[in-house]
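Model the full assembly from the supplied sequences, consistent with the hints where possible.
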Amino acid sequence: MTEHQPWRRFLFLALFVSFFFYSASVYTSGTALNTAPAASDAALRGQTLFRENNCWACHQIYGLGGYMGPDLTNVVIDPNLGPDYARLFIEEGTDRMPNFEFNETEVDDIIAYLEYAGAAGNYNPKKGELTWYGTVEYER
Amino acid sequence: MEQSNMSVNKPARTGINFVMLGLAALGGCVLLGVLGAFKYLYPEALPGFEFHQLRPIHVSLAVSWIFLAAIGGIYHYLPHYRGIKLKWPGSVDIHFWVFLGTGLLILGAYLMGNFGGREYWAYPPSLSIPIFATWIFFGIHILLSMRQEKEPWPVYYWMWMTGIIFFLITFSEAYLYLVPFFNENVIRETTIQWKSYGALVGSWNMLVYGTAMFVMERISGDKKMAHTNEAFLLYILSFIALMVGWSHHIYAVPSATWIRMLGYAVSMAELAILAHIIWEWRKSLTPDQKHAHLISYRFIFASDIWVFLNLILAILMSIPAFNLFSHGTHITVAHAMGTTIGINTMILMGSVFLMVENLCGSRFAGWSKKWAGHGFWISNVSLIVFLGALMIAGSMEAFIAWEDFYEKTEAVVPFLLAFSVSGIGLLGGLWMVVVSALNMLMPVDPREQIAPANTE
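Chains as they are written, first to last, in numbering that gives the first Met the number 0: chain A, 0 to 139; chain B, 0 to 455.
Calculated directly from the structure, the hints in this document are not laboratory data.
Keep in mind the model is a prediction, meaning the values are calculated, not measured.
Where is the CB? At the ideal position from N, CA and C, for every residue including glycine.
This list has only true hints and no planted wrong ones.
Simulated coverage check for chain B against chain A, where a stretch passes if three residues somewhere in it have a Cβ under 8 Å from a Cβ of chain A:
#, stretch
1, 50-57
2, 117-130
3, 143-157
4, 235-241
5, 326-336
Here's what the structure looks like:
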């Protein structure tokens with residue numbers, strides 16, 4: 000070990016420890032749910048179905064996921080679309096989406112999950128307002 | 000640089016086997032990528048295979064290529080070049096077979112439509128247990144082995160160590176959704192999923208950039224470059240980017256503002272420093288050195304160019320005002336593909352051909368060398384068209400006010416077709432490189448291991 004290594008080791012440890020404090024803040028205050036009610040059991044089952052059928056491969060929530068299908072964050076809470084619109088796609092499939100043959104309860108659960116995701120925040124980035132220093136303030 | 004030496008001890012040979020498996024994964028990855036691209040355009044094609052199956056196989060093979068090539072490099076370089084005696088040489092074979100076995104189980108799960116996670120880890124969570132267990136063992140093994148180093152630690156040791164440790168942390172974070180506290184809050188669940196994926200990329204960047212430093216040191220023969228303060232600064236910036244850089248992925252998620260602002264502030268400074276170091280390294284090479292390891296040099300040189308191009312895009316994307324439009328479009332795909340292929344794959348290919356050129360010496364000639372050279376150019380030229388088409392499609396999606404998703408999707412089809420066709424070029428080019436490398440890295444007749452095989 001050289002004369003350089005003690006401070007390098009110290010720097011590594013300092014960053015390593017700060018990572019844990021930073022992560023703890025993200026896990027708690029950084030992601031506190033302020034705008035939506037707690038998830039219902041149906042919404043949590045819907046979330047699991049979303050994962051187990053890899054819906055993320057094609058769809059996005061908050062713009063995160065695949066691009067084969069549209070972002071679904073606000074589909075169910077959108078008054079122009081709504082749960083019936085979503086139900087039709089989930090039950091029938093399309094030429095771009097297979098019919099997963101969900102039963103009625105499963106479809107209800109997925110819709111409950113989408114409703115819950117939509118209630119937690121709005122994903123409509125085009126409606127943002129630019130600030131002079133390069134960030135964006137937009138409706139949540 | 001030392002001349003070719005076919006005598007390779009057992010763990011170093013298993014290191015090469017990791018690299019060979021990684022090359023096979025890369026070959027499968029680009030094939031699945033092309034099939035997935037055409038499936039996206041023509042959903043009725045390939046009946047029996049759905050996009051939501053093809054995409055995770057493609058992604059998992061890409062991640063496998065990066066980790067296998069990086070792990071194989073570490074197992075190979077430590078004993079073969081640094082003179083480190085691995086603590087538990089027998090465990091290297093076990094690690095290899097567990098990785099291969101788990102990979103096949105994951106592939107089977109995807110083909111049967113059995114999913115559970117998301118993005119990089121879309122398979123059922125139980126399959127992560129062998130990966131986690133062997134990685135802990137791998138980490139302890141490499142750390143104990145590197146501690147034998149009598150010289151001061153070069154920066155790539157720090158990078159490898161950090162990459163190994165943070166892979167474990169990010170891999171664990173990706174499964175926090177199994178804990179109700181995280182799963183029952185959609186903002187928390189989404190944010191932490193993407194925190195883990197962003198930091199995962201940071202952890203493999205540590206392994207890959209460490210490998211780049213090692214390859215550059217070997218090619219140039221300059222042993223000081225991995226000990227400079229500048230190289231250590233790159234490491235520190237990569238470390239900070241690993242910690243907080245992920246947050247530009249979640250600008251649109253309504254988490255706390257400070258998370259996003261911190262990511263914005265850190266941005267992608269590590270790439271600028273890396274580009275600078277590679278640039279300085281190129282200047283230090285004499286013409287003879289450049290020609291001594293032409294293929295490995297070409298790949299590292301190509302990564303230098305791609306770092307510059309991706310740097311511009313990465314910095315743009317980390318500005319919230321730009322991210323607002325680019326988020327959720329094919330610009331993001333260009334960013335992901337550009338860094339995975341242009342930077343990570345080029346650097347790892349530099350590492351692969353460093354092995355080839357050193358192990359095979361003048362045996363690396365004839366069609367193998369031609370294929371590697373032609374494949375290099377075909378893949379890089381294809382990548383220019385590939386990323387250009389994605390950028391145009393993504394820009395149209397981002398900056399034009401579309402009526403709905405379907406109108407937007409139809410409008411970008413010509414550009415996604417160009418992307419898919421150039422993907423065939425990328426497939427051809429990378430396959431040529433992969434076949435060339437596999438041909439040279441295959442175990443040779445034991446008699447040849449006594450002396451370098453200068454048969455051509």
